[in-house]
Amino acid sequence: MSSVLEVRDLKKSFGGIVAVDGVSFGVEEGEILGIIGPNGSGKSTLFNCILGQLQPTAGEVHLDGRPVTGMRACDLNRLGVSRTFQLLQIFPQLTVRKNLILAGQEHQGTMLSRLAGRPDAGLSAAAERMLGFFRLERLADEHAADLSYGQQKLLDVAMAFMAGPRLALLDEPAGGVNPTMLASLRERLQAINAEQGSTFVVIEHNMEFVMALCNRILVLDEGRVIAQGDPAQVRRDPKVIEAYLGRS
Amino acid sequence: MRHSRSLAAGIMLALGAAFLVVAPLGLKPYGIFILSMWAVMTIAAIGLNLTLGYAGQISLAQAAFVGIGAYLTAYLTTKGWPFWSTYMLGGVSCFAIGWLLGYPALRVQHHYLAFVTLAFNTLVYLIFRNEEWLTGGIYGISNVPRPVVLGWSMNGPREFYYFCLAHLALVSVATWWLLRSPWGLAFVALRENPIRALSLGVDTRRYTLMAFALGAGLGGISGALYAPLVQFIDPTPFALGLSLNLLLMVVLGGSGYFFGPFLGAIVAVLLPEWLRFTEGFYLMGYALLVIVLMAFSPSGLLGLADRLTRPAPRGAP
Amino acid sequence: MADLLQLLVAGLATGGIYALVAIGFTLLWQTSQTINFAQGEFVMLPAFFVLIGMGYFGLSFWPAVALGGALSVVLLGLVFKKLMVEPMIRHGVLPLVIATIGLAILMKEAVRQFYGADAWPFPVLAATTDVTVFGAVFAVQSLVILAICVAVVVALQLFLGGTRTGRCMQATAQNPTVARLLGIRVERMILYTFLINGALVTVASILITPIYLAKFTNGEWLGLYAFIAAIIGGFNQVRGAIAGGLLLGVVDNFAAVYLSSQYRTAIPLLILIVVVLFRPQGLLGRIEERTV
Amino acid sequence: MAAPDILRFEDVVAGYGKQTILHGLSFNVLRGAITTIIGPNGAGKSTAFKASFGMLPVRAGRIFFDDREITNRAPRELIAEGICYVPQGRNIFSELSVLHNLELGGAAAPEGFHLKPRLQAVMERFPVLRRKAKHQASTLSGGEQKMLEIARGLMLEPRLMLIDEPSIGLSPILVEELFDLLRELRERGITVLMIEQNAKRALENSDHGIVLELGRARIQDHAATILADPRVGQLFLGGTSSISGRA
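Chains as they are written, first to last, in numbering that gives the first Met the number 0: chain A, 0 to 247; chain B, 0 to 316; chain C, 0 to 291; chain D, 0 to 246.
Hints in this document: simulated from the structure, not taken from any laboratory.
Be a bit skeptical, because a hint or two may be false.
Said to hold, decoys possible - The calculated lysine to aspartate or glutamate pairs, modelled on EDC-like cross-linking and capped at a C-alpha distance of 20 Å, are: (1) D/LYS199 with A/GLU221; (2) D/LYS17 with A/ASP145; (3) D/LYS199 with A/ASP236; (4) A/LYS10 with A/ASP20; (5) D/LYS199 with D/GLU176; (6) A/LYS238 with D/GLU203; (7) A/LYS238 with A/GLU221; (8) D/LYS17 with A/ASP236; (9) D/LYS199 with A/ASP220; (10) B/LYS27 with B/GLU272; (11) D/LYS17 with B/GLU191; (12) B/LYS27 with B/GLU158; (13) D/LYS199 with A/GLU241; (14) A/LYS238 with D/ASP228; (15) D/LYS17 with D/ASP4.
To be verified - A few chain C residues that don't get close to chain D, going by computed Cβ distances all over 12 Å: (16) GLU85; (17) THR128; (18) VAL136; (19) VAL139; (20) CYS167; (21) THR216.
Quick caveat, the model's predicted, so the values are computed rather than measured.
Glycine included, each C-beta is placed from N, C-alpha and C at the ideal position.
Whole structure, please, built from the sequences with the hints as guidance.
In structure tokens form, the structure reads like this:
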């Protein structure tokens, strides 16, 4: 087992406000790591710093041992790091299939060779598999805008896996998904983790979901890691309970 | 339903192409001139449609590129350069300048970008007007020769029309190829959601610059044809007005639709000539059409047609 | 030195007019995200309303001005908002931008159609004489224009800052969501800004048309200058528009004298490009942040 | 005799776009008390506030204030009914003076309402605001800005105050001051309905509590009872599908 992602003493402040205050952790190959914490604890900022959307004030990020701190999001993605966003981010005017092809095409060849390439960038079969995997076949040629919220959420997650990423960072995959669909989403994520052998980091507020999905959980509060361990440990930890329910 | 829709579109396309080929046989030279002008303006509009319609970057500088292409061709061909060299030079230099103009788009968006490109257009216009030693100032450059292709002179109106039409066909095929390649999808991704596109590996910076450069390059090609078409050029046609007009063409036809520029140019270039008797009322009607369309169908005439004929989406549960 | 002073005053006078137009432009942007590409034509038109009042209805100048002002406030304020901005703004900023470009063409062509392409003389507000103060010669017209612009701006600021309605308008511009939460009639406040814009362009029109004569193309460069003034000053600030307008007027006047007159127009454009690229919020502007 | 509850949600459904957040939310808020709504993120707390204050359309269900239906009424009318809403975050008009910010709290004042004496009375209660009345509101500290927002909400003498996450970004001393203020409002007959992240501290300062989960109210009880309820901790941290049984 080796570390896929290594975050060392990451700091980010906006003006005078410190959002992430020296966070360090590693993610092992094949692991599903959950990051939880109350509102404003710095989870999304941490993600954005890892993913090149924000420049960290200090600290380092390593992917498979090489430094990737502050690398642009598109380059990072082509190195095998994919993500989803807290708010749904799909391309509503494109069909479901086109959404998926788009999610994989920039990993094929060079920009110039893509100009000469086939419209589907040779990804039709892969898109078809992904559609089947997330049970969206029936909707393949619908505009993404015409899907229900839950289906759009599935598409959003499916896009993150089109290029077979080494590491996927999912920001609230369960947000807004209705309870009946949650179980199937969790099961799909676990299946993809097993099949693709990819590594996940998941930010999630739905505790039941995150505790069932993840092997290990990291708890953030006020920009610091206050606890980590397996779901059962974390749940018992008084510091965690205090972070959520508040101090008196 | 979907099938019959594409069949109808195919038939209309074939009819339109056939019309374009036989039309000059029944037209007077002026009519042929106008039809040639339509082809030339359509090329410029196709370029702008790439930048604005597909990649979503607003540009009010397309007239400047048409002007640069036209002046390069006029200046060099009257000095004896062969047309092909000036034509290539026009396209390539506009591509390069367009690439540079794309840099502001990396910093600012929307209305700010509109104002930067607008200012650029006006600056280029000032150079056309004031650098008399180069551009002839307000007197312009006259006697721009028409090319000779493989020993066959394009001097007659009909010949030159077919020459322009051939270029339009070439540009259309190239653009169509580009848009069906993964680039087309990347451009749309840039327009629809640049942040998500970036996270999917789309190098949005490079595609943005490319969208500007390609659009500008087509503007330059359009200008290279414009100069020998009118055979006399002065600064007036390349002022901001043409940029706005090209923008309206693209939006009116349907920005982001492949045939939008063709249709927009019909409304903006051909119809005014056929409706000449209405005098200024035509332009007023045109402006009114733009306003009404924006209220009811911001995706233009083709967007409207699309909406009216599209089958209802299969109900998502 | 006297020359400089003279140029400065002349520049401030035209700058004051740009400022009026730019203020209207920023007000519309602040309260309703309207970018009015027809703003220049909005300035071109009231002068023709006045000419219609004088020519067709045989009114004398001031009653014609009153008629023109009333028409402008109704058409360029109320009707513009109800018929164009309201139906379109839900589609986003761009369709409205395109529609106002269409509107500019419509207004221009309508004037050309009904009034021809000639430049029409327009009554001057003050004698075209000069006065000499401390050795510097000033055109009375410049001084009058400057005085009126200052008066209008001061009146507007007093209204915005000194009355309850004005402050409700400011609140709406700063944060419409919170304004609505407090029970401010946001829609009405937005309408007021459109009416104010109608009045501002009327004043600008009356001041500038005697200098450049009434012509259907006047809006083209006036609109451009108003944009530039608004942007270099700060798109989201009334005082930015004032500063931008004055600065532009002065720079323009000095450029006309000290630089080649051919490239005089290039100076404002270059300033615009530099400001947009390096200080997009404008010289006095703040970075736009909207909390929900 | 007025009903014991001042605000009542009956099976309210609301959400953003395609997403439904409130799935039939029902609860009562008792008159003259401080009630805190707690619940994990995404439970729909802020959404419930927005729906009740006409900022988000209610798709189904009804909301009552003082036994009068107020579903989907505009904020202006709700203010006239006697509700005020202090949203999350900073919501002052930073470029207006403190005084003018306060005065805008009376923007929806009915005919004949005398703002001047009211302004005086409010400033009497908040001496900081009186001292800085002429300053630009942006010069106030974070705590002062929150006080200004609350004071502004009091301008039209509301009977119910909805206040969303008031303690965010405040130092512990200021938070104490804030809860003192809320208790004082209660003594003056104003019902307070509050959303708080810091559930423990908020409940300790409240009379009643409502626990939201996934857009429904799971528990409604005395604050002390909820504080002692072990299921609440579980709710925040997941685990056994806990309390869904008793709604």
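Hints, one by one, checked against the model:
{"no.": "1", "hint": "D/LYS199 with A/GLU221", "verdict": "holds, 17 Å"}
{"no.": "2", "hint": "D/LYS17 with A/ASP145", "verdict": "holds, 10 Å"}
{"no.": "3", "hint": "D/LYS199 with A/ASP236", "verdict": "holds, 16 Å"}
{"no.": "4", "hint": "A/LYS10 with A/ASP20", "verdict": "holds, 5 Å"}
{"no.": "5", "hint": "D/LYS199 with D/GLU176", "verdict": "holds, 17 Å"}
{"no.": "6", "hint": "A/LYS238 with D/GLU203", "verdict": "holds, 19 Å"}
{"no.": "7", "hint": "A/LYS238 with A/GLU221", "verdict": "holds, 13 Å"}
{"no.": "8", "hint": "D/LYS17 with A/ASP236", "verdict": "violated, 37 Å"}
{"no.": "9", "hint": "D/LYS199 with A/ASP220", "verdict": "holds, 16 Å"}
{"no.": "10", "hint": "B/LYS27 with B/GLU272", "verdict": "holds, 13 Å"}
{"no.": "11", "hint": "D/LYS17 with B/GLU191", "verdict": "holds, 19 Å"}
{"no.": "12", "hint": "B/LYS27 with B/GLU158", "verdict": "holds, 13 Å"}
{"no.": "13", "hint": "D/LYS199 with A/GLU241", "verdict": "holds, 9 Å"}
{"no.": "14", "hint": "A/LYS238 with D/ASP228", "verdict": "holds, 18 Å"}
{"no.": "15", "hint": "D/LYS17 with D/ASP4", "verdict": "violated, 32 Å"}
{"no.": "16", "hint": "GLU85", "verdict": "holds, 18 Å"}
{"no.": "17", "hint": "THR128", "verdict": "holds, 43 Å"}
{"no.": "18", "hint": "VAL136", "verdict": "holds, 41 Å"}
{"no.": "19", "hint": "VAL139", "verdict": "holds, 38 Å"}
{"no.": "20", "hint": "CYS167", "verdict": "violated, 6 Å"}
{"no.": "21", "hint": "THR216", "verdict": "holds, 38 Å"}
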